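S.K.: Chain residues, written in single-letter form:
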Amino acid sequence: MRTRNSPLEWAEPERYELREVLPRVAEWDRRGFIQFTAAGLLIALFAEDATAQRGSASPALEARLLIGKDGRATILTGKVEEGQGARTQIGLAAAEELRLPVAKIDVVMADTDRTPDDGTTAGSRTTPSTIPAVRQASAAARELLIAAAAEKLGVDPGTIQVRDGFAQGASGRFSYADLAASQKFVQAMKQAPAAAAKLTEPAAWSVLARSQTRLNAADIVTGAHRFPSDITRPAMVYGSVLRPPSFAAALQTVDLEAARKVAGAMAVRDGEFAGCVAPNSFAARRGVQALAATATWNEKPHPSSRGLFEHLRRTAKGNPRGQSAGDPDQVLASAAVKWQAEYQVAYVQHAPMEPRAAVAEWSDGKLTVWTGTSNPFSVRSALAQAFGLAPAAVRVIVPDFGGGFGGKHTGEAAIEAARLARAVRRPVSLRWTRAEEFTWAYSRPAALIECAAALEGPKIAAWRMTNINSGTAALEAPYEIANRTTRFVEADSPLRQGSYRCLAGAANNFARESFIDELAARAGLDPLQFRLANLTDPRMRAVLEAASERFHWKDRWPQKRTGRGVGLACGTEKGSVVAACVEVELGPPGDPPKLIEICQAFECGPIMNPVGLRSQVEGGILMGLGAAIREEMAFEGGKVTTNAFSRYHVPRFADMPKIDLVLLDRKDLAPAGAGETPIMAVAPAMANAVFHASGRRWRSLPLKG
Amino acid sequence: MPVFQLVVNGMARSVEAEPERPLLDVLREEFGLTGTKYGCGEGQCRACTVLLAGKPAPSCVTTMRMVGARKVTTIEGLAGGGKLHPVQQAFLNEAAMQCGYCTPGMILSASVLLEREPNPSEAAIVKAMNQHLCRCAGYPRIVAAVQAAARLRAMAGLVEVRDANAE
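Protein chains in written order, with my numbering: chain H, 4 to 708; chain X, 32 to 198.
Read the hints as simulated data drawn from the structure, not as lab findings. Computed from a predicted structure; not experimentally measured. Ideal Cβ placement from N, Cα and C applies to all residues, glycine included.
Taking lysine-lysine pairs in the DSSO-like style, the calculated list, with each CA pair at most 30 Å apart, reads:
#: 1; chain 1: X; residue 1: K102; chain 2: X; residue 2: K158
#: 2; chain 1: X; residue 1: K158; chain 2: H; residue 2: K597
#: 3; chain 1: H; residue 1: K661; chain 2: X; residue 2: K158
#: 4; chain 1: H; residue 1: K341; chain 2: H; residue 2: K462
#: 5; chain 1: H; residue 1: K155; chain 2: H; residue 2: K107
#: 6; chain 1: H; residue 1: K563; chain 2: H; residue 2: K462
#: 7; chain 1: H; residue 1: K72; chain 2: H; residue 2: K107
#: 8; chain 1: X; residue 1: K102; chain 2: X; residue 2: K114
#: 9; chain 1: H; residue 1: K597; chain 2: H; residue 2: K563
#: 10; chain 1: X; residue 1: K158; chain 2: H; residue 2: K707
#: 11; chain 1: H; residue 1: K642; chain 2: H; residue 2: K707
#: 12; chain 1: H; residue 1: K107; chain 2: X; residue 2: K114
Here are a few chain H residues that sit away from chain X, every Cβ distance over 12 Å (derived from the structure):
#: 13; residue: K341
#: 14; residue: R525
#: 15; residue: E548
#: 16; residue: R559
For reference, chain H alone in the conformation it holds in the complex:
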């Protein structure tokens, strides 16, 4: 049962982490160890995965869904739960179509030996791709249960009603447990569904449209849930890896005997990879500190974040991607009213609360790894390649983990743990420290974005936008512009970079929506009216109108208040649309603005699990706020200097503004994901509010005067 989400995931250029290329694969196979680059990062050949055989590909219904003797249903999915709510949404979808209480649904996720490969949990694809697969399988199973009941009663299936785990006919009633035991049902579950079953229309949803707390919430509040960092195995030891003192530093010498000073610690070295294992993590870390004290390194110069944007400009390469229509260059050259501006977006980190973690266990030549990754099947491939194993000899299990936001598409900790475990012949738990996570994980790409446009009255006559380094997500303007060109140009990134919630969409939308505001000012128009004059998409207009009405934009924008301003922005990505109106308060010079209030309208088709949607939208707003006001990776001398929460400031309770959400429910549209797009409006809306308050344009993220 393959429901892979390709080619979207692989077509997006900012998923850099998936294209990191391995230099010497053959050497791995021959010598049985994995090669690390000078920077200490594993370079894994993930891109090959796009075409490689992945996962359990059985088309049988039972590969997706099982009905147990107790009448409970088990849904199998390769998707992961990292806080975005996939487990709950999948459970609700199954309950809806199976006509079974949610409490009788179990969702088994992301175990490469048990679950289908549903692709990476990324790109807001669970809702439009996996949910339909689960609904379809559940509806098919429902039809089989109905058929089994009809046969038992000798009646037409059309006369059978299913509800709450029972099939009811005029002359009898059966539980799903009874029906699932029938030979015919068992046989049918081993086949692919003969025909597409009828799905429940969104307007008729009774379960999916209701709010549901996370299915395993009880284990979360009691501390019983085992995150990847909490997994233990018999005879397990703890690992720690010797990290280079700076990017691109190569290990020259290290005295492994130094680790003997620490009771129980054992040092491991394999080429440039070195580390310790010990009976507890404190001893393992101290062992590595002892090694570090003796290690010599060949360090190399590395650019500083202070010259970042000049570095990106200087290293911008050919191979641009983009789209064009009309002749923007000609229109710009001859236009009477034109404008241009440049925007900068800093690197930011995902900084999930749970840093990368893995437990690796070798047994009879087979490797099992428990780890927090959004990409279980690709991590299995990476492990198989790294250790010269067949994919079937590797099992990756992903317990619900502590946050990802696009930052855990790779398997660094998994490979390191497996490497240590093989060396010491014991299961090893490896948990990255916060400083390791800040330094060696990948970041959201920095961006340098150039915009130029020509105006004819209230209309945008020509448009040119170039993104250097970050990517193509939401690069295309949602506005009606006859002459336009967009380009994305790769550059040399000083930091390892990759996917992030909304990819480059947040950066591109910051630049575009700031620039649209600049154009509105040039045109002498209310920014709302200017946008509406250039927008025809009815969904975009609907969210813009919904947010601005609720916010009383028409009354508030004309008012001038000292130190306070209002701004708005809209955007679209991954099939959903968003608009936000904000009020900000300016701080003392040098301080970021404070977000006082945000009214955000969002629409992603029919609403599923409203409380889950609300959490995603609120979380997206506040994560976007972090990048707008404070978050910024700084590096110097090959070291990340913002390598701790005391130096990299993510949003806290006190940053919470008044939040007013308008969630539009469009049951007539296809469902789209909601985890990403809500992040993209807050930063430009705030920049525009700063302009409204002060007349000054702040063209960088984080916002700076």
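Fit chain X to the given chain H structure using the hints.
M.R.: For chain X alone, kept in the frame of chain H given last:
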């Protein structure tokens, strides 16, 4: 290595440990109490919160030497008599979690806040909880959960009933 005598969740425990070893590691690795989470190692995120003599403390920067005679309560010790603590119940009712990694620490701190201030205003909750990070930024729902927990406690007769919105 010295031996430390601890009382954890009401149970006497004896453990051999380096004096500088974080309490967090001992709870997780020696006692299997993995509900207490590592988040930063510098007391900045409070995912590692435990109660020491009834007060919230970051166990990642609390060394074994520093614990002394203070009783330790972890998230595993909060529910009593097979019943969830009102704050746990409120987090469930309000769906106040996304990834859930910060949740145990949040719940422990909120339980202490409500002991001290049974009916806290939103501002008081923000002030008391501001040391806790939630990267999913589920802050609005967490505030709602703490307010709901205050109501649950009132209903259970744990505190005098007052108008929750009076402040």
